[in-house]
Amino acid sequence: MSRIREVLGEDPEIVLAERRYDWISKVLPKVMRGARPITLSDLLDKALLDKYLGIPIFLALWWALFRFTFDVSAPFSDLIDMFFSRLGEAVEPALGGGVLSSLIADGLLGGLGSVLVFIPPIFFLFFGLSILEDSGYLARAAFVVDKILYKLGLHGRSFIPMLLGFGCNIPGVMACRTIDREEDRLLTIIVNPLMSCSARLPVYVLISSAVLGGYAAAGIYSMYIMGIGLAIAMALLFRRVIPYFRGRRSAFIMELPLYTVPTLRSTILHMWERGVLFLKKAGTVIFIGVLVVWALSSFPWGAGLEESYIGMLGRALEPLFRPLGFDWRGAVALFFGFIAKEIVVGTFGVIFGAGGEASEEEIADVIRSENIFTPLTGYAFMAFTLIYIPCVATVGVIYRETNSWKWTLFTVLYELLLAYFTAFLIVSVGHLLGFS
Amino acid sequence: MKDRRNYMRGLGLYALVLGVIYVSLGLTEFILGFFDMFLGGAPLSCLWIPVDLFGGFSAFVIGLTYLAAVRLLKGEYESISYVLVATMLSTVFGVLYVLIFLANGLSAYLSGEEWSWIVDLARPEIWLFISSTPLAYSTWSTARKPG
Numbered sequence: 001m002s003r004i005r006e007v008l009g010e011d012p013e014i015v016l017a018e019r020r021y022d023w024i025s026k027v028l029p030k031v032m033r034g035a036r037p038i039t040l041s042d043l044l045d046k047a048l049l050d051k052y053l054g055i056p057i058f059l060a061l062w063w064a065l066f067r068f069t070f071d072v073s074a075p076f077s078d079l080i081d082m083f084f085s086r087l088g089e090a091v092e093p094a095l096g097g098g099v100l101s102s103l104i105a106d107g108l109l110g111g112l113g114s115v116l117v118f119i120p121p122i123f124f125l126f127f128g129l130s131i132l133e134d135s136g137y138l139a140r141a142a143f144v145v146d147k148i149l150y151k152l153g154l155h156g157r158s159f160i161p162m163l164l165g166f167g168c169n170i171p172g173v174m175a176c177r178t179i180d181r182e183e184d185r186l187l188t189i190i191v192n193p194l195m196s197c198s199a200r201l202p203v204y205v206l207i208s209s210a211v212l213g214g215y216a217a218a219g220i221y222s223m224y225i226m227g228i229g230l231a232i233a234m235a236l237l238f239r240r241v242i243p244y245f246r247g248r249r250s251a252f253i254m255e256l257p258l259y260t261v262p263t264l265r266s267t268i269l270h271m272w273e274r275g276v277l278f279l280k281k282a283g284t285v286i287f288i289g290v291l292v293v294w295a296l297s298s299f300p301w302g303a304g305l306e307e308s309y310i311g312m313l314g315r316a317l318e319p320l321f322r323p324l325g326f327d328w329r330g331a332v333a334l335f336f337g338f339i340a341k342e343i344v345v346g347t348f349g350v351i352f353g354a355g356g357e358a359s360e361e362e363i364a365d366v367i368r369s370e371n372i373f374t375p376l377t378g379y380a381f382m383a384f385t386l387i388y389i390p391c392v393a394t395v396g397v398i399y400r401e402t403n404s405w406k407w408t409l410f411t412v413l414y415e416l417l418l419a420y421f422t423a424f425l426i427v428s429v430g431h432l433l434g435f436s
Numbered sequence: 001m002k003d004r005r006n007y008m009r010g011l012g013l014y015a016l017v018l019g020v021i022y023v024s025l026g027l028t029e030f031i032l033g034f035f036d037m038f039l040g041g042a043p044l045s046c047l048w049i050p051v052d053l054f055g056g057f058s059a060f061v062i063g064l065t066y067l068a069a070v071r072l073l074k075g076e077y078e079s080i081s082y083v084l085v086a087t088m089l090s091t092v093f094g095v096l097y098v099l100i101f102l103a104n105g106l107s108a109y110l111s112g113e114e115w116s117w118i119v120d121l122a123r124p125e126i127w128l129f130i131s132s133t134p135l136a137y138s139t140w141s142t143a144r145k146p147g
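Here the protein sequences line up with chains A and B, keeping their order.
Heads up: the first sequence runs through residues 1 to 436, numbered per the working numbering.
Heads up: the second sequence runs through residues 1 to 147, numbered per the working numbering.
Bound conformation, chain B alone (with noise of 0.2 angstroms):
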């Protein structure tokens, strides 16, 4: 029953680690975003942060959702619903930006174009999602099992 408490708590804490550093980037991403869009031009040019205003927003609601399952931190088994989805929207995002990364490097193949893949790679959100795998499969695993 303790293991069990501490194992929910190991994986809040995961969560949360994962969700602070997802609120952040998305924030930043947004607000750059914003500014680029409607005020003309981002005050920022980071190769980490991309300038990316929906973007921005996605990565913002994946944290709050890690950050919703914070109640695993007191043991809580059904907060591990928000870390199921955290995880599962990580993996969407990150696998959807490995596929652009793909596919703009198919463009440029077909094109003869120039392409930039450090650009596309350095997609935070990729290696985020990579992170959050053990996370991933820990949770998955866990709810699987009956009872």
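One chain only, chain A, in its complex shape (with noise of 0.2 angstroms):
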């Protein structure tokens, strides 16, 4: 390849590309008469495409998927909420108290139904996204954005594992296998976790909606945005310090899809495709998690929560996170969120569901009332959470697709350190501009 690639004095792909459709220019005059006519996918790319408005309208269309998300979706996450509250009502004074009773009110009740409440947004973003998806448009977000990634020397081609990282970062570091070249494939998989992956949504919808008030949706989408900006740089940061990733970009060629109008049926059967993973996963990973954070809260038994081993670990973890103004519970959250995003809700559920089941307005009020995060430290958790590595399963995938032990390490590594330093940023520089 590095042959030929010498041979043409540029990249194969960009000469065959440019042959290809030199041909097509050649053959279309002699075969059709008049001049083209204007189609409307032409008159749609003219204004999706354009130079300057590309950017603004994808930015656009990107909140108006959040506000789909986070309000349209609100009411149906109420109704699951008061089915587990009522659930919980009828069933604790039938099992009067002990250990059963508690696994089956704090634990299953209170920490997999706080989970179970954002299978609605989870659902509602993922009906979203495909109706980019089958539109055409997401092909054309690429596109777009790729005119900025050039321009900072990143690889465009890179963009499409992170858009596909905002379903799930797996399938996301899956897809570099379409990047050629293995510096810009290795590059994209290290920073495809920054892309926010929907199993940080329950976390994003938690703590907005308890602390940042009508200002909730807006925190969400800003998470999304610092995601994508935050991929972008440390990619630009990686390629310019470490020398590996010095060189040549391989180029960016895409053939940009027809648009047309999605089906409710192939819609729904994306979302479904996708939003049935987090149920597979809430009967299994975050099942197991809730269960096990549910054992070291509870015992030994008849002690307090302070008390317990998730008090104990908190409390060993809290110097950590205090700079931060995260108190032990924000601390064990975050730990326990290693193994999967989803489980750090479940904690709170775990945690603030005690002695009863929690709904998620119960957990909020809790968030609130007991001063557990202000707007600040609240929106600096929610940082923490986009940026430190997603679960314990895109780590495996990371290994597997670089197949190496030292790029898996530092992308933990960085990831942790980066989420750190963000949400240091944010509260030292919010105090310095008043924010509680």
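None of these hints come from the bench; they were simulated from the model.
Check each hint, because a few of them may be wrong.
[Said to hold, decoys possible] Straight line, CA to CA, 27 angstroms or less: simulated DSS-like cross-link-like pairs of lysine-lysine:
hint, chain 1, residue 1, chain 2, residue 2
1, A, K51, B, K74
2, A, K46, B, K145
3, A, K46, B, K2
4, B, K74, A, K46
[Said to hold, decoys possible] Partial list, derived from the structure: chain B residues whose beta carbon lies under 8 angstroms from chain A:
hint, residue
5, T65
6, L67
7, V70
8, S111
[As the list claims (entries may be wrong)] Computed footprint of chain A on chain B; a stretch qualifies when at least three of its residues, placed anywhere within it, have a C-beta under 8 angstroms from a C-beta of chain A:
hint, segment
9, 20 to 32
10, 52 to 64
11, 116 to 123
No residue lacks a Cβ here, since even glycine has one placed at the ideal position from N, Cα and C.
Hints in hand, dock the two standalone chains.
Okay, here's the thing in structure tokens:
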């Protein structure tokens, strides 16, 4: 391949594409008469790929997606919330006291229930993403962002795995296989976890609705923009600092699909295919994680929460997180978030549901009333959740795709440091600006 | 030919009016949102102008997209593309705010809490979306015609 590149003096992929389109433009006038009619796709592309309006339109559509995800799904979450609250009220008196009662009320209904409340926003997010993808717009979004990425010295093709990362980082990391140049592929893999996957959404929804009031949706939106910004910034930094990533970028050639009106059936099908992964995860990894959190928070049996094993763990971690304004409960939630991000919410559900089933609104009330997070520290907590490694499964896939413990460990470490630094920066600058 | 040119001019004028309204609204919403978020409160409170930083940005973008179609006034057909996209964005945001109105109503019904429906319904983007439907119909049907 390098020999071909040397002979052609250019990337072979570019040369092949140029020759192909040269040939098409020579053949077309021979088989077609008159001017080529302007299609609807051409007209839409003129505006959606506009040099100045392309990116603002992308940001506006992204904002619409998050209002849809956050606000329109809210009553459906309320319904699930009410179901778990009523179930808890009905089940708890029947079981009496003891370990089994605590396991069901605090562990299952409080912990797992508090995660399942987020099924609607996750499904709404996937519904919106499916519409954007099926209509042909998402491919244009990659094309529009490529212009910026290229100017920043990055690889445009990276944006497609990064977009996939919005759903789940695992397929995002795996999609990096489409990138030819090994250095570009590796660079995209190690920044992909910065894209905010759907597992982080429950954390954002819980914390922002608890402390950000009318700016909850804006807070969530900013997390996604922050994820894209940090991924670009880190890729740029690594390219400049790490010699391995230096060198010429490979070409980004993409044939844009025609626009189509997405059918309800295909949109729902795509939403279900992606959303069902969350349900499977809730039944396995999250279920086990929440049970572990429940056991650690309930034993030694009869001891208060602060004297439980989870309290001890939290106290040990607390000094590390104090500069960020997180107490032991925030620290311990982040600790278990290593397994899967949804467990952060599950941990809050178990901790605040101690002694009874906790609805999403009740957990948010506790966060507010006990001053666990202020708007500023809550926002920093959301940023920390966004940046540090998404889950154990993603770490496994990074290892499989890089086949290197060195790069896997590097990804985990730089993300932890970046998460800490960013959260600290938010809190420090926020204090300087007079935010509480 | 002259009729078509006049028709394009008509569409361009319609888009220009909507563009100016959207840009003014978006800027006001954005500035009020900025004051509210970073400077301790919005200096103005009006039912018909929401305090919404990103919503204001989006309305501003819709307005700019309408204004980008200004060459329609000279009869340039291809500028219709900006009207197509602007009406599509108007529809996305109009429908979105209607859905939010319905969702807030359902939430209030489920929780038994009070709901100030007039605030949700006074969202100007809903009414601007309704005002843009004749333009949307005309441009989309024109663009779908072959040639």
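query: Are there at least three residues in the segment 116 to 123 of chain B whose beta carbon sits under 8 angstroms from a beta carbon of chain A?
result: Our answer is that it is violated, as 0 residues pass the Cβ test (under 8 angstroms) against chain A, missing three.
query: Any CB of chain A closer than 8 angstroms to the CB of S111 (chain B)?
result: holds, 7 angstroms
Cut-off 8 angstroms, beta-carbon criterion: hint that L67 (chain B) touches chain A: violated, 10 angstroms
- prompt: How does the coverage statement for the segment 52 to 64 of chain B fare against chain A, requiring three or more residues with Cβ below 8 angstroms from a Cβ of that chain?
  reply: Per the Cβ count (8), the hint holds.
field: Restraint satisfaction for T65 (chain B) [CB to CB of chain A, less than 8 angstroms]
entry: holds, 6 angstroms
task: Starting from K46 (chain A), check that the Cα of K2 (chain B) is at most 27 angstroms away, please.
output: Roughly 25 angstroms between the alpha carbons, so the hint for K46 (chain A) and K2 (chain B) holds.
query: Holds or violated: K46 (chain A) with K145 (chain B), Cα cutoff 27 angstroms?
result: Measuring from Cα to Cα gives roughly 18 angstroms; hence the hint holds.
Chain A contact restraint on V70 (chain B) - CB to CB distance below 8 angstroms: violated, 13 angstroms
task: Decide if the proposed pair is consistent with the structure: K51 (chain A) and K74 (chain B), CA atoms, cutoff 27 angstroms inclusive.
output: This hinted pair holds, its Cα atoms lying about 22 angstroms apart.
task: Starting from K74 (chain B), check that the Cα of K46 (chain A) is at most 27 angstroms away, please.
output: holds, 18 angstroms
message: Is the coverage entry for the segment 20 to 32 of chain B by chain A consistent with the three-residue Cβ rule at 8 angstroms?
response: Not satisfied, violated; 0 residues make the cut.
Going through the hint list in order, the structure does not satisfy hints 6, 7, 9, 11.
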